[in-house]
Amino acid sequence: MKTEPNEQHTLSVLVDNEPGVLARVIGLFSGRGYNIESLTVSETEHEKHLSRITIVTRGTPMVIEQIKNQLDRLVPVHRVVDMTVAGPAIERELAMVKVRGKGEQRVEALRLADAFRARVIDASTESFVFEITGGSAKIDQFVVLMLPLGLVEVSRTGIVAIARGPEGM
Amino acid sequence: MAREMTGAAMVIQALADQGVQHLFGYPGGAVLPIYDELFKQEKVRHILVRHEQGAVHAAEGYARSTGKVGCVLVTSGPGATNAVTGLTDALMDSIPIVCVTGQVPTHLIGNDAFQECDTVGITRPCTKHNYLVKNVDDLPRVLHEAFYVAASGRPGPVVVDIPKDIQFAKGSYSKPNEFQHKGYRPKLKGDLDKVRTAVDVIAGAKRPLFYTGGGVINSGRAASQLLRELVKLTGFPITSTLMGLGAFPASDPQWLGMLGMHGTVEANLSMHDCDVMICVGARFDDRITGRLDAFSPGSKKIHIDIDPSSINKNVKVDLPIIGDCAHVLEDLVRLWRASSAQVDKKALAEWWRQIDKWRGQKCLAYRGSNDIIKPQYAIQRLYELTRDRDVYITTEVGQHQMWAAQFFRFEEPNRWMTSGGLGTMGYGLPASVGVQLAHPDSLVIDIAGESSVLMTMQEMSTAAQYRLPIKIFVVNNQYMGMVRQWQELLHGGRYAESYMHSLPDFVKLAEAYHAVGIRCDKPADVDDAIREMIDTPKAVILDCIVDPDENCFPMIPSGRAHNEMLLGDAGVSPEDAITEEGKVMV
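These protein sequences, in sequence, are chains E and S. Counting in the working numbering, the first sequence runs from 909 upward without gaps. Counting in the working numbering, the second sequence runs from 7 upward without gaps.
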């Protein structure tokens, strides 16, 4: 059988914010052997109890179609939109990056942070915590640069996405 | 009108308002308040099973034979975990079930309390949806929603887990019509443009085939009627999956028999060679397709299914139509009649000539015997002696199930209850309990294997309690027959643990369960034994001792294509039949 190449897709899923809904979504991925590369979830419409889940997944076109259909048939799922094919979309991630160092290394870290438009949100005499937002590649790059400058740890939100233009999902 | 009542009373009230007449269950600490309410009323009749798995299978039999939602009530912990096999079975075969489970009081949830388990966690992957109700005010909505979700769209099991304190708490009850589900609205009507395209594709077909499944049965009697109409209008051949038997009458000349791993030669070769495949309510399951890359290579595929996730799951189709079978078939029939579309009569006649040649192979033929009962013969006789009766068939899982599917011929939908997707040994006996309750005056027969039936034998006690005259027709070959067959074909005849040693005396066992036991071990006695079974107004176990070495053919060995079938006396050595790759598959 011809094996089709794997593709990365970003899915936005609008769900009822009820107990167990995230477990349902994650269980579907693990139970059917699908990949999750990134997952973010938060309530977005408080009055309607709606949460928006953004999932980055990878698979053949047939598997991606399956994932969307399987998600769509979960009872608390209202809508599934494939941001990768629905039209131009913006993807962003936020990371907090802790760097420990003294002297020239510390200055270099600050200088790079400035170039990447990362903000200092915590500082001590021997450390910084930077907040950086952007596409995943930008954050990856920033983390790589911090590595030799005393990188301690990174905390990332995972990808959130929204479509360009006036229309909602 | 809202009425004040306890959560437990709401459960019974909601069941009654949903039209539930029979509830299959087993009491326990965490559902006692609900049982107390059951005790005080007469609308809902409780059927006490002997094991919670039996409760779900009985509800499945009830649901499949009536088209209604089957209902189950079990306690927390082991009550819920015992129900899991039945729930999974119902999910795989798309059977509407509402299962109410008791739960420890809310303040004890997560404390490893006595008979506590994470019921919603455990049943999440084996239900269509489930609920843990933590507020009594949510209970009426959740209960009514459960029925809606179970029965609408692609049907399935729904669990409602109710902690004991919620059962005692008081709240206001509302009737079903006061609720509408927030978001769940399955699409019933198919896209008309696509239906129009389907009409054109059908009209252009030269070697067409209808391939139908359980979705037609689930869609209701109208779907079967419309299917018959469409098949008659077109004159096309039709085959069906195990789950779809009965949607189209087996006596009709256009019927090719079941397809798939143990399907007929004519059905499987037609699938392989057709140029237009019209799949209605079936899901291209691995038992049907065989080797995927060799599955019906030259055909244009139309796929009608209510579940979008069934489309392109295993096989890429050319024209998917998402909708309920009855709705889509209605449009298809209407548009076909309205258009001036004609089938290609000449090509069709040629196609039928080819099919008749395949039919001529008589692939279900077997070598008869005067000394030993051939299992096929036993089932054939059972069919012949019951065909004029109002009969419902359930089965267990294995060789006997496949022989039943091959040799018992169904004319109507909802008459055939079998565990197709999950393949649950032990399904048939409790299912027959449910079927008999729904159809008290009908003849209900469980075509069983001796190994399967022992898994849920205790439900004979349920049959006795409710005086259900179910007939357990045990095709006894003293082996887990299908396991033995695979060991013969795949594992050099090393029959590891598939011989059923120390079987009980089924006649005495029947008597122990207040039923009648009959044994039969000679071909000449089969008819009399079956007649005696039918004429006995009580539950019967007929122990039919059959040839232990018989294999079920035709068979598409795993990893092979439709045109690589093994036939009974084809002389293919099993070693050559199955590739190394195929051995890995189940």
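No wet-lab data here; the hints were simulated from the structure. Certain hints may be false.
Said to hold, decoys possible - To be clear about the criterion: a stretch of chain S counts as covered by chain E if any three or more of its residues have a C-beta under 8 angstroms from a C-beta of chain E, and this derived list gives those stretches:
no.	region
1	120 to 133
2	165 to 175
Said to hold, decoys possible - Listed below are the simulated DSS-like cross-link pairs for lysine-lysine, each with C-alpha atoms no more than 30 angstroms apart in a straight line:
no.	chain 1	residue 1	chain 2	residue 2
3	S	363	S	200
4	E	976	S	363
5	S	195	E	976
Where is the CB? At the ideal position from N, CA and C, for every residue including glycine.
Discussion item. For each hint given before, does the structure comply? Return the numbers of the non-compliant ones in rising order.
Written reply: Hints 2, 3, 4 not satisfied by this model.
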